[in-house]
Each structure stands twice: as C-alpha cells, then as structure tokens.
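These protein sequences, in sequence, are chains C and W.
Counting with the numbering used here, you get residues 1 to 298 for the letters of the first sequence.
Counting with the numbering used here, you get residues 1001 to 1321 for the letters of the second sequence.
None of these hints come from the bench; they were simulated from the model.
One thing to keep in mind: the hints can contain errors.
[Said to hold, decoys possible] No more than 30 Å apart at the CA atoms, straight line, and that leaves these computed lysine-lysine pairs for DSS-like:
(1) C/K140 - W/K1068
(2) C/K228 - W/K1104
(3) W/K1104 - C/K140
(4) W/K1318 - C/K185
(5) W/K1106 - C/K69
(6) W/K1104 - C/K146
(7) W/K1217 - C/K185
(8) W/K1318 - C/K189
(9) W/K1051 - C/K146
(10) W/K1217 - C/K189
(11) C/K140 - W/K1217
(12) W/K1217 - C/K146
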Amino acid sequence: MTTMTQRPVSPASTPPLAGPVQVTAAPPEVLTKRPAHTQAPRPAEPSARTAITVRAFNAWYGSFQALHKVELDVPHCRVTSLIGPSGCGKSTFLRWINRMNDLIPIARADGTLDLHGIDLLSRNTDAVDLRRRVGMVFQKPNPFPKSIYDNVAFGPRLHFRIRRRDLEDLVERSLRAAALWDEVKDRLKSSALGLSGGQQQRLCIARAIAVGPEVVLMDEPCSALDPKSTARIEDLIRELRKDYTIVIVTHNMQQAARVSDLTSFFFEGRLIETGATADIFTNPRNKQTEDYVTGRFG
Amino acid sequence: MSVAAMTFPRRLVTRRKLRDQLFVIACMVIAAISMAVLVVLLSSIVTQGLKYFRWDFLREVPSRRPAKAGIGPAMWGTIWVCVICALTALPLGVGTAVLLEEFKPKRSWARRIHGFVQLNISNLAGVPSIVYGILGLTLFVQMWDLFGNLSEPTFTFGTREDWYYVQLPFGRGTLAGGLTLMLVVLPIIIVAAQEALRAVPNSLREGAMALGSTPWKVVARMTLPAAVPGIMTGSILAMSRAIGEAAPMLVIAGVVYITFTPKHLMDEFTVMPLQIYNWASLPQEEFHRVAATGIIVLLIVLLTFNALAVFIRQYFQKPLS
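Okay, chain C solo, but in the shape it has when bound (with noise of 0.2 Å):
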C-alpha cells in the first residue's frame, strides 16, 4: 500500500469495508494448481459470513415488476449460481447488484439489497465506487478495442493513482490470476481483438479484478464460448472462489452443478428455491424447482 494511494471514495453514508480493498496484496496462488473441470465440484461446506443480503427485494421496468420479494443469502468467497428459464428476472437481479440498471431510466427497485452493510438501493450510495467493489462480466466478451495491457490498466487507471511499474505488476498479477498471462505475456501490446472468444473472455474476468473488487458478477460468460472455453473458465471459476464472492447467472446447469456451491432457483420473477448445489440438483425441496433441474421444462 506504500506505493500506491488509493483515491478517497466512499461517500459519508457508506460505510468503510473491514479492511482496505486488496489491490497490492500478495497475488492469489493461482494457476498453481487447477482442477480438471470433469472433477467433483468443491465441499460445500457453510461461508463463515454473508457478503450479499437480500430481503423484500422487489424490481420493475416501469409498471412490469420483474422480481417479487427475493430473499436471498449470498455467502462470502463462495460461488452462488442463479439458474431459471429465460426471463425469470435473474439478470435483472444480477444487474442491480452492481446497480447497472442506473442505465435504464424505468428500472426501479425497492427491499433490502445489502453489501457488507452497504445499502444498494440507497440513493446516497455512490455507483461509481460500487462498480468498482462489484466487478462485471458480461455475456458476450467485450474486451475495449485497445491493447491487451490497457484493456487490464483501464480500471486501475481510473480508480488508483499508480506508479507504471506497480501498474506492470497488477497487470501481470491480474492476468495470472485470469490464467491468460501464459498465452499473452509476449503480446501485450497488440490489440485484445486479436484474442480467441475464451481469451476475451478470460482477458474480461483479468480486467474486472484488477481493480480489487469483492465481488464478481458473472452474466452468462459462457454463453458465447465453445466447451474448451467453456472448461477453462470454469476452472478460473473454481480458482477466483478463493479470494471472492461470485454470483453466475447460467442457462447450463450442468455449468451450476459444475462451479457453485449455492444454486437459486428463479421462476417468472421469484425465488423459488435456494440451497447447497448439491442438494437443489439431487434433491430439491419444491417440485418445480425438480421439473426444471430434470429438464422437464425450461
């Protein structure tokens, strides 16, 4: 933290996170060791504290109210995956966690939506500062149209006053712990859309935790990619759970089984049912979660 000052951020009515955002920490023992996608999802052993609360969380657009009273738990330094058909509000959830549905002028949300004791909801919360504590990763790989080592400086570039060799290393730290510095430690300066489809993708995940965020949110990132892709972003999935919480919306269920340790079930705006992966796959409690899960419909 000495050679780097972090720009004051949080407003008077946020409260300071416990501890400051690991930016200069050692970086993650990734890439040490990877487990084989095909192997048996982790323990699903209970998180010691809760990163997300959510309580009567009720969304519009405009007069369609797209979630109706969510109740949701999301544990800290775990992988929360959220399936459920398409248009069960799911994405809507994900995108007010990191309130980027600021950009729709008639979303509207009311409830408790918490981080760390943060209130998302509030108007006094800066958005801002919450996007960079709850990174993004989009369906389709949107790496900027720039090099591969600007597109990972971005973010620290706006968020840190930062000396340029300490800015090498986050790079470098970043897309290790991305799994991808192997593949462009020789080609950093030529453009990210050079990059194959699961590179940008990697290269997107290397780009939202370069700025040390505690959450990732993750919006289908597989969707666009082939099952080798596919694969080795489940892996950095399984990777990534070590240092932060990790929402994934995911239309394959076999991707929830694979990579989370908690599984909620969205149907037509609710929650239906929330539980250890292992059990909401094995043996849910409610019976559409079963028809869905078994593929009876959806």
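Based on these hints, arrange chain W on the given structure of chain C.
Coordinates of chain W only, in the frame set by chain C:
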C-alpha cells in the same frame, strides 16, 4: 414428377438471361453518361486553365493582365476562414454530438426537448447556405447594430494596422466569415459525429461503466477515442464543403477586389470560389481561362481533402468488437 419436368422450358431461360443482360447494359450506359459529363467538365477546365497554371499563380495577386493574375489573396482568405471555421465548429459540433448521443435525458420533458433539438439539427443540415450567409451578416457582421454601425464601431482594440485588432461589431472580416462558415458546417459535423458515436457498440460503454467509470470517463476514455476516426472523416468532408462555399461568403465579404492577404481577424478578405466567380464574370475571354486555373487549384485542394478522409477511414478505422 420427373427431373425433366421440373426444369424450365429453354425459351423462358434465354429470355430471362436476356433481360438480365439488358439491365446490366442499362446500368452501364447510365454510369457512362455521368462519367462522361465529369470527364468533359474536367478536361475542358484543364485545357482552358493549364495556360496560366504555374507556381506563381498561388502567390500572385489579381491583376488587370491575365498573364500576371494570381489567386494568392483568395487562397490566404480561404485558409484564414477555414481555420477559424475548423477551430470553432469542431469543439462545438463534437461537444453537441456527445451531449445528444451519450447523455440522453431520462425525464420525459427533457426527452421531448432532446427530440426537438435532434430533429432541428437534421433539418439545419439541409438549409441552403445563403440563409446562413444572411444570418451571419446580422449576427456577426452587424450584430444587430447593437454596437454602432460598421463605419463607427463602438468597441475597438488596437488599430487596423495591428495583428491583434478586434472590433465590435466584427464587420466584413475573416472572423465573421469563419463563424458564418461554422454555422454552415456545424449541423454536418454534429450529424457525422453522432453517427460515429452511435457506431461504438454499447457493450464497450457497459464494460467501461462496470469498471467504475463515471459517465464522463466513459466518454473520454472509451467512446470518444473509438469514434475519432469517424469524426475526423466527417469533419474533413464538412471542411471540403466549407472550402467550396461561395454563397454565404458572397453575403459576408461581398464581391471585392482584394490584392492583399488578411492580416487580422477583422481584415477584409475574399475566398477562392469568390475570386473564381469574379474572374468568370469579367468580359475578357482570357480571364475565363484564369478562372479555370483557379478552379484547378480549388479542385486539387478539395480532392486532397477527400483523399485524406478516405485514407483515414481506411487506415485508422479499426474494428471495435
């Protein structure tokens, strides 16, 4: 059903092919006619104008003897006016485009104003330039006589001999000319810049926004850099229109016989199209040849500008996703 029964009768096939060829021939004839007109025009200008085409033509001042005549003052007038036009129209036009495209209002009454302004800018791009000339005359040259009349300006700074001389109202000077041209090209630049901004995919804006960019940073670091080649291309084409404008300049500068290059923002000037018009309206046949020489110079400048625009489009327009 047999295969033979499914094929068309031979007669119909040949007729269809014939019609196809006729259409191609018709297109070629039409294209040839328009090309021929262009070739005739250019060759007649070149044959007429080459007689007086020499380096000194760019330096010499208009003269009573055709062999001595040059386009120097008009060329410098064009440069002054166009530089003023570019320096004012670019920031205003790009700024307006960014406001209209990137900061769309959310409230319904503001959206209505936004739509009204948008519609009017599109309409303004089609207004005849003489109208802008008359607007410029009242707005910049006379300033509604708020500051006295042209012969007795209320406010002056320096004397007519100083390079920094400024007066209110501006009078028939290069500044008034440049600002009037700005009015002409502003809608064109705004529309071109808006289209360039619109071509930037929304996923890039969302990506920058999701990293915690303020709306201003999204524009400054993502959208605008991505749109610069498109904005440049549109602006250069707008400037080549400005160089060729005669009508508004006729209203601002008048048909004057000027043998000196402008020295300050209030100085009288003429521009190349006006000088060409001036020569072409003279009764002597030889001056028509001088006018043709002026047209050659003007065309060279315009073609260079257009080539530059094409070059930028080809080499700097990178794919964005």
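Check each numbered hint against the structure and report the violated ones by number, ascending.
Violated: hints 1, 2 and 9.
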